[in-house]
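Work out the full structure, taking the sequences as your base and the hints as a guide.
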Amino acid sequence: MTSPIMSLMQGPLCGTLATMLLYGVFCMQTFYYARNYTEDKPSLKWLVAFMWILETIHMALSIHFIEYYLIINFNNPSALDHVVWSMGATLAIGFIVSWAVDLYFVWRIWKLSKQIWICIFLVR
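Letter 117 of the sequence shown, counting from 1, is numbered 99 in my numbering, and no numbers are missing.
If you're looking for bench data, these hints aren't it; they were derived computationally from the structure.
Among the clues, some could well be false.
Pair by pair, the computed Cβ-Cβ distance ranges are [to be verified]: (1) Ile39 / Tyr86: 17 to 23 Å; (2) Ala0 / Arg90: 23 to 29 Å; (3) Ser(-11) / Leu26: 41 to 47 Å; (4) Leu36 / Ser(-11): 29 to 35 Å; (5) Lys96 / Cys9: 32 to 38 Å; (6) Gln11 / Ile102: 26 to 32 Å; (7) Val7 / Asp63: 33 to 39 Å; (8) Gly(-3) / His64: 19 to 25 Å; (9) Asn58 / Gly(-3): 19 to 25 Å; (10) Gln97 / Phe32: 25 to 31 Å; (11) Ile102 / Cys9: 33 to 39 Å.
All figures in this text were calculated on a predicted structure; none of them were measured in a lab.
In this text, a Cβ means the ideal position worked out from N, Cα and C, and glycines have one as well.
Here is the structure:
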C-alpha cells in the first residue's frame, strides 16, 4: 500500500520536475538575450534580470517543499497536517512573476496599438 504522502505528492513532484526543465530553458533564453541584445533599453534588461532572479527563487522554494515532504518527512503522514512555509512562498513568487509578465504584455499591446480601451480590458 502506498503512503498518503506518496499518493498526494505525485502531482507536485511531477510539476516541480517539469518546472526544472522549463527553468533550464528560461536560463538559456536569459543568457542568449544578455549576450545578443546588448542594445536594448536598460529598463528591459533589468526586467529580464528581475524575472530571472524571481524564477530562481521560485525554483529553489519548489525544491524545498518537495524535499520537505518527500525526503525529510518520508513515511511521516503527520507532516501533511501543516503546510511548510516554502509552499506559500512559492505561490506568492509565482503570482508576482505572472503579474509582472502580464503587465509587460499589456504595456507592449498599448505601445503597439495606442488604444487604451484594449489595455483596460486586458488588465481587468
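Quick check on a hinted range of 26 to 32 Å for Gln11 and Ile102, using CB atoms only.
Since the Cβ atoms of Gln11 and Ile102 sit about 30 Å apart, the hinted range of 26 to 32 Å holds.
Okay, Ile39 versus Tyr86 on CB: inside 17 to 23 Å?
The hinted range 17 to 23 Å holds for Ile39 and Tyr86, with Cβ atoms some 19 Å apart.
Quick check on a hinted range of 19 to 25 Å for Asn58 and Gly(-3), using CB atoms only.
Given a distance of about 22 Å, which is inside 19 to 25 Å, the answer is holds.
Between Gly(-3) and His64, is the Cβ distance one that fits in 19 to 25 Å?
holds, 20 Å
Mind checking the hinted window 29 to 35 Å against the Cβ distance between Leu36 and Ser(-11)?
holds, 31 Å
Does the beta carbon distance between Val7 and Asp63 stay inside 33 to 39 Å, or does it fall outside?
Cβ of Val7 to Cβ of Asp63: about 36 Å, so the range 33 to 39 Å holds.
Lys96 versus Cys9 beta-carbon gap, inside 32 to 38 Å or not:
holds, 35 Å
Cβ-Cβ distance between Ala0 and Arg90: within 23 to 29 Å?
The hint (23 to 29 Å, Cβ to Cβ) holds, given that Ala0 and Arg90 are roughly 27 Å apart.
For the pair Ser(-11) and Leu26, does the Cβ-Cβ distance stay inside 41 to 47 Å?
holds, 44 Å
Tell me if the beta carbons of Gln97 and Phe32 are separated by a distance inside 25 to 31 Å.
holds, 28 Å
Has the hinted range 33 to 39 Å been met by the Cβ atoms of Ile102 and Cys9?
Because 35 Å falls inside the window, the suggested range holds.
Checked against the numbered hints above, the structure breaks none of them.
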